[in-house]
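Could you put the whole structure together from the sequences, leaning on the hints where they help?
Protein chains: 4
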Amino acid sequence: MIIVMKFDASKEEISNILKEVRKFGFKSNLSRGKEKTIIGLIGNVAAVSTDHFQLFSGVENVLRVSKPFKLASREFSPEKSVVRVNRVSLGGNDVIVMAGPCAVESREQILETALKVKEAGATILRGGAFKPRTSPYSFQGLKEKGLEILAEAKEKTGLSIVTEVMTPEHVPLVGEVADILQIGTRNMQNYALLEAAGKYNKPVLLKRGMMATLEEFLMAAEYILSNGNSNVILCERGIRTFETYTRNTLDLAAVPLLKELSHLPVCVDPSHATGLRSLIAPVSKAAVAVGTDALLIEVHPHPEKALSDGAQSLNLEEFSKFMEELRPVAVAIKRRI
Amino acid sequence: MIIVMKFDASKEEISNILKEVRKFGFKSNLSRGKEKTIIGLIGNVAAVSTDHFQLFSGVENVLRVSKPFKLASREFSPEKSVVRVNRVSLGGNDVIVMAGPCAVESREQILETALKVKEAGATILRGGAFKPRTSPYSFQGLKEKGLEILAEAKEKTGLSIVTEVMTPEHVPLVGEVADILQIGTRNMQNYALLEAAGKYNKPVLLKRGMMATLEEFLMAAEYILSNGNSNVILCERGIRTFETYTRNTLDLAAVPLLKELSHLPVCVDPSHATGLRSLIAPVSKAAVAVGTDALLIEVHPHPEKALSDGAQSLNLEEFSKFMEELRPVAVAIKRRI
Amino acid sequence: MIIVMKFDASKEEISNILKEVRKFGFKSNLSRGKEKTIIGLIGNVAAVSTDHFQLFSGVENVLRVSKPFKLASREFSPEKSVVRVNRVSLGGNDVIVMAGPCAVESREQILETALKVKEAGATILRGGAFKPRTSPYSFQGLKEKGLEILAEAKEKTGLSIVTEVMTPEHVPLVGEVADILQIGTRNMQNYALLEAAGKYNKPVLLKRGMMATLEEFLMAAEYILSNGNSNVILCERGIRTFETYTRNTLDLAAVPLLKELSHLPVCVDPSHATGLRSLIAPVSKAAVAVGTDALLIEVHPHPEKALSDGAQSLNLEEFSKFMEELRPVAVAIKRRI
Amino acid sequence: MIIVMKFDASKEEISNILKEVRKFGFKSNLSRGKEKTIIGLIGNVAAVSTDHFQLFSGVENVLRVSKPFKLASREFSPEKSVVRVNRVSLGGNDVIVMAGPCAVESREQILETALKVKEAGATILRGGAFKPRTSPYSFQGLKEKGLEILAEAKEKTGLSIVTEVMTPEHVPLVGEVADILQIGTRNMQNYALLEAAGKYNKPVLLKRGMMATLEEFLMAAEYILSNGNSNVILCERGIRTFETYTRNTLDLAAVPLLKELSHLPVCVDPSHATGLRSLIAPVSKAAVAVGTDALLIEVHPHPEKALSDGAQSLNLEEFSKFMEELRPVAVAIKRRI
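Residue numbers (the numbering used here), protein chains in the order written: chain A, 451 to 787; chain B, 451 to 787; chain C, 451 to 787; chain D, 451 to 787.
Keep in mind that a hint or two might mislead.
Since the list gives no way to pick one copy over another, a pair counts as held whenever it fits inside one copy or between any two copies.
[Said to hold, decoys possible] As a list, the in silico PhoX-like pairs of lysine-lysine whose alpha-carbon atoms are at most 20 Å apart:
(1) Lys-649 x Lys-530
(2) Lys-649 x Lys-517
(3) Lys-530 x Lys-456
(4) Lys-486 x Lys-517
(5) Lys-473 x Lys-461
(6) Lys-755 x Lys-469
(7) Lys-566 x Lys-771
(8) Lys-566 x Lys-652
(9) Lys-568 x Lys-606
(10) Lys-456 x Lys-517
(11) Lys-477 x Lys-461
Calculated from the structure, these hints are not laboratory results.
Predicted model only: the values in this text are computed from it and were never measured.
The structure is reproduced here in structure tokens:
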């Protein structure tokens, strides 16, 4: 941590800071520049807020020079992590495709989708039983009934299941069926939920908050990791910007950047990011080319009848064609789908 | 709801839409323009997603012309709502000041603060017992112990209490002490929490998500209202933008706009919005001038020792001076503090 | 400037940096922390880009600790600047109101507006002769003819004139009539224009780019100041965010912040920021309460007939009432309108 | 254009609107819904501002249903445009790589770079002679001398030249050397410059404003097209968001979307978007996979000595390796580099 003093800071103000630094048990390094005096803190400052020093008289700015995340950081775990979900490895050489409808709507819908996405090459089935919706008047999911349907699809197809959990008390309920617990964008900083998922023994797909910086995203992962669960998959799903043609702005540069900053596997969700069916294929190819370890794709047997997010879903035939187009891109960067 | 067809939409595509509209039991109105054909839907379309029609072949765009919120809307409740909290009315002619530290840290800190902010003219004491923090390694609040301290301060001073609740299962625990339940910016779309607060019989201070549009903000209020609790106070606390000098960008134009769109009282939190102590006084005057019904101000007896957010807290003396400066602004717009 | 080395930076990498620092003639200060080594640069580093050092092997981050603006900075000119425009002083105790239509449309429109806004208390007449428009098919202003009309209004009423200049070669033409040259939000980083205005002997009203940070805004002012013109007025007019109810998001906290960072007078334009007539009065009161030195208000004798921006214009009667409401707010903070 | 009336709009208010619509020579279509009355305008409304009707009493909202751009629109020119630059075609099957330093610094630097990027497969040389810089104290380019150097490089290597023009009066000067005139992100709405480029007979590479919507971007292109120059290349270069790890957020979904909305060729600039050398290769592969027609890559023989933007430049060897890695991705989507 570095404390920049105001250009007219007095000797007493500087000496107050040095005293405070010693109270915390840190060493300090004083550098008098032409215009400013700068104090460097030496010690384990991760737990101290920059706000603390900001407040002292004579201080202009306090800057953190270490990353605040540790367990999620590649500095401390240089090796890439691989998350194993039954027979599938996320973070290895294969690019994993998770596919299925936004919401579980019926037994027929899920079983038909599961068989067809498996045939096309997906290895994980997605589908929401509990649905977070902006409006209290919108369809909120089939809940327990939806979980049962997913369990049946899993048994019949051997596909693993990823599905969303919205509250801490639902973690064991959802975890009984899910092979991967999904935490949605609106819950990225629902700390009680992060802690509950951190204490549960199933991989977690953590979606980036639509207004979260990469640092906040990795700090949210840190909540899960520091509660004992090391199987976290980071999912970029678009951030909110001023642009309104697309639902959100997909931040694909975040994929290689997250892999520099962290050892965790990275997934991309082009369906929610763009909200437009015609963009799913080109954007997914880009996601593979930029290095994602997995894709989360909305597929629905009859998108025009979907109760949620139909406008961004591929139908079963489109999905099959989509997978064919995707494979050569993976090969071009020496990976496999 | 209005459906804009593509300029080259076929007769069949148009007729498909008209059939679908009838299925929902809506009437339609067809308008053939020079370039585009437009279909207006007549009926109660609030529960139908625009996505549904977006998906049909030949459709260019689907626009909603009614607001999706009803109970929160001023169209349907033209009278301003007043939320009563013990002897205080939010939404009336008085501008209410809620003051206190970011976090409850000790009995002494809270009692000293409570006495002094009351003396200066605050009528509600704020202070977090449960604290949402970006880092799992930061101080998370005194929890139950913190609630006890707040209860004591309430008994000793007669001040009402506003304090944050972070999970649905904590609603009754926090509600026993709190006169107003606060729902924080990161939880604005934590629907389980909104529902729990909606079913509980205490006023709710709902903070705008730092990433939320006003429409989403009012839809979050709609979750509380539609669960039976009509005592909601909307709190603007800054939105996230590209500007980094301030912690967030306070959207003061949202205050009169929320009052046009909704009948609910509005509060402003300048402390979290700016993150800078020197801006609290001028920005609070602006908030009063723009028409806020309440202010939420961070006050700490020793900001330099605060465990959280010290940099944006006023000390007790500063708060007293602050209240003095604020009063003439309220008078200038014919209100009172 | 501070260079943070990667936690595994080698001795050689560190020594390379120290060599490079010496090449620039700077001194350095080396601080070896527990995890990171940090190098402080001592000397006049304002002209060196942080990018330069970012590139060296072993470097994690390069941070600037001094502000890059000098002439605009309050550190170096602690006294507030006052810009004099004929009988009016911007930056003194009076809050100055500049009023008039978005665009000059006719002689009658301007003369009628000028007389009435003067009567109501405005001292500067605004009106665009050259209009920047998003669409090439929109009305682009009366140009030279518009300037003539402004000159006549000035002669008849004694009001000073503020009007926009869009290209460097128009500076002398517009400057002949204008008492204040306005540089619009889209031209805030049109450097040729900033330089031309910097070399011309008239005050400049510089609007913040809708995409500009405060630092970039002050750097744009620095372009004008460093070319010799010290009469710059900074105008906050709303920034672009994800919120769409208002045209832009007015950043009122920027007003006191700009006054901390700079000695230059500050103006607020609530008309363009909100785009909604009903918000002009409350937001203007807030702007006065937060400490603005001036307001820029759109007034039109017949807003429903305006060729540009009618939706955000007050009519003459509304403006008169608006001024009445504004005065007590100025008095409440010991200023005058 | 659609006018939505307030739910309590009076008959008179509605009839006023209808009268106004007739004045413009438009037809109208009236639809009385359960809650709202809606008026559709039929006729060529592109030149009428939505603001105009917004202002009338009783109006809630005015929506535009046609795109405001015409010449840039794919609706009116369904065929993809190909821009020819000497022997190179932008918008055809080949993906074109434009490479070179941010700024022209010396004859040696440019000649060495030109030879090497040509060898590696680039067909267009980039390099700025006139440089827009945030600070007036930064290096502003070699100007005329820089153009001479570019002309020499062109002659020696046969590469075409793309270089930035910053003011209308420089268009002929820069156009003498440039094969493509580049208009930078800060000048995207410098209308005088757009008009001058529109009247000049050279292709224009128009960079998206860092805070511009796709609609504004296409409207800026419309300025060039409507002045007679049909050879416009649209360049996505990152937009400004709240994320600070990368310089800007590259909006790759904009590439297929621009191609749906417009017939113009699209280019991607990953260097400015990310600002980080390590991201150039993965992000460029993504840009190719998503369907860009061209890439703009910063290459410098000695990035650590660059006077501008060194941190995001590849060196000559890295660029050569970069081109090798890129080719298979183009092949995977049946294109060629």
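Just pull the numbers of the violated hints for me, sorted ascending. Hints 1, 2, 8 are the ones this structure does not satisfy, whereas the remaining hints hold.
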